[in-house]
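Each chain, letter by letter, is given below.
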Amino acid sequence: DAGVIQSPRHEVTEMGQEVTLRCKPISGHNSLFWYRQTMMRGLELLIYFNNNVPIDDSGMPEDRFSAKMPNASFSTLKIQPSEPRDSAVYFCASSLSRGYTFGSGTRLTVV
Amino acid sequence: RKEVEQDPGPFNVPEGATVAFNCTYSNSASQSFFWYRQDCRKEPKLLMSVYSSGNEDGRFTAQLNRASQYISLLIRDSKLSDSATYLCVVATFENTPLVFGKGTRLSVIA
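Chains as they are written, first to last, in our numbering: chain F, 601 to 711; chain Z, 101 to 210.
Warning: the hint list may mix true and false statements.
[Claimed, not checked] BS3-like cross-link-like pairs, simulated, lysine-lysine; straight-line CA separation at most 30 Å:
hint	chain 1	residue 1	chain 2	residue 2
1	Z	Lys145	Z	Lys179
2	F	Lys678	F	Lys624
3	F	Lys668	Z	Lys102
4	F	Lys624	Z	Lys145
5	Z	Lys102	F	Lys678
Everything labelled a hint here was simulated from the structure, so no lab data went into it.
Between the sequences and the hints, there should be enough to build the whole structure, so can you do that?
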């Protein structure tokens with residue numbers, strides 16, 4: 601298995617632009633998590649899905665952030681419009697039972 | 101108060117030293133406990149799960165004290181390759197989100 605696949609690996613965008621981050625979970629995993637990591641706040645949960653259904657989005661910072669999981673093999677995290685304070689590493693993880701696997705992350709820089 | 105608290109370090113230790121990390125968690129409903137390792141610019145990776153009876157994996161020993169809501173990690177005979185950030189992690193049930201501490205940075209020096 602190729603593991604959790606995230607794209608792009610790096611994204612540099614201008615303030616105000618729309619950014620879409622993508623994640624392909626491990627086949628057969630039924631839970632998917634989006635995390636954001638910054639030096640100041642560490643790893644924070646943004647949203648998670650069970651069986652493609654959003655369960656808890658209380659970590660989504662504001663309405664500029666949205667996430668979807670249209671099927672078991674794909675999820676997106678969208679930021680519109682982006683702001684410099686959104687600069688961070690965004691990780692996607694998937695799990696089945698107690699086994700959690702993280703993707704390599706997307707390093708987002710908003711200038 | 102953060103759900104999982106750790107000393108951020110850094111811990112700078114010579115090769116061969118023994119080093120211990122501690123963390124505390126606030127949610128008494130937590131059922132699963134882990135130590136993750138994160139290398140610079142990489143994703144977190146599971147180092148070991150932590151069980152109430154304590155568990156050992158080679159040079160690494162993890163302990164859990166549910167009454168005190170306290171988790172520890174001991175690394176014996178430190179290697180240069182142990183240099184990384186060690187994240188204390190808890191979860192309530194299977195397939196629920198992992199809650200991370202901010203991590204403790206370890207540098208092992210030759």
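Results for each hint:
1. Restraint check: the Cα-Cα separation between Lys145/Z and Lys179/Z comes to about 18 Å, which is no more than 30 Å; the hinted pair holds.
2. With a C-alpha separation of about 15 Å, the suggested pairing of Lys678/F with Lys624/F holds against the 30 Å cut-off.
3. Between the alpha carbons of Lys668/F and Lys102/Z the distance comes to roughly 28 Å, so the proposed pair stays at or under 30 Å and holds.
4. This hinted pair checks out: Lys624/F and Lys145/Z have alpha carbons roughly 18 Å apart, not beyond 30 Å.
5. Pair hint Lys102/Z plus Lys678/F holds up; C-alpha atoms about 27 Å apart against a cutoff of 30 Å.
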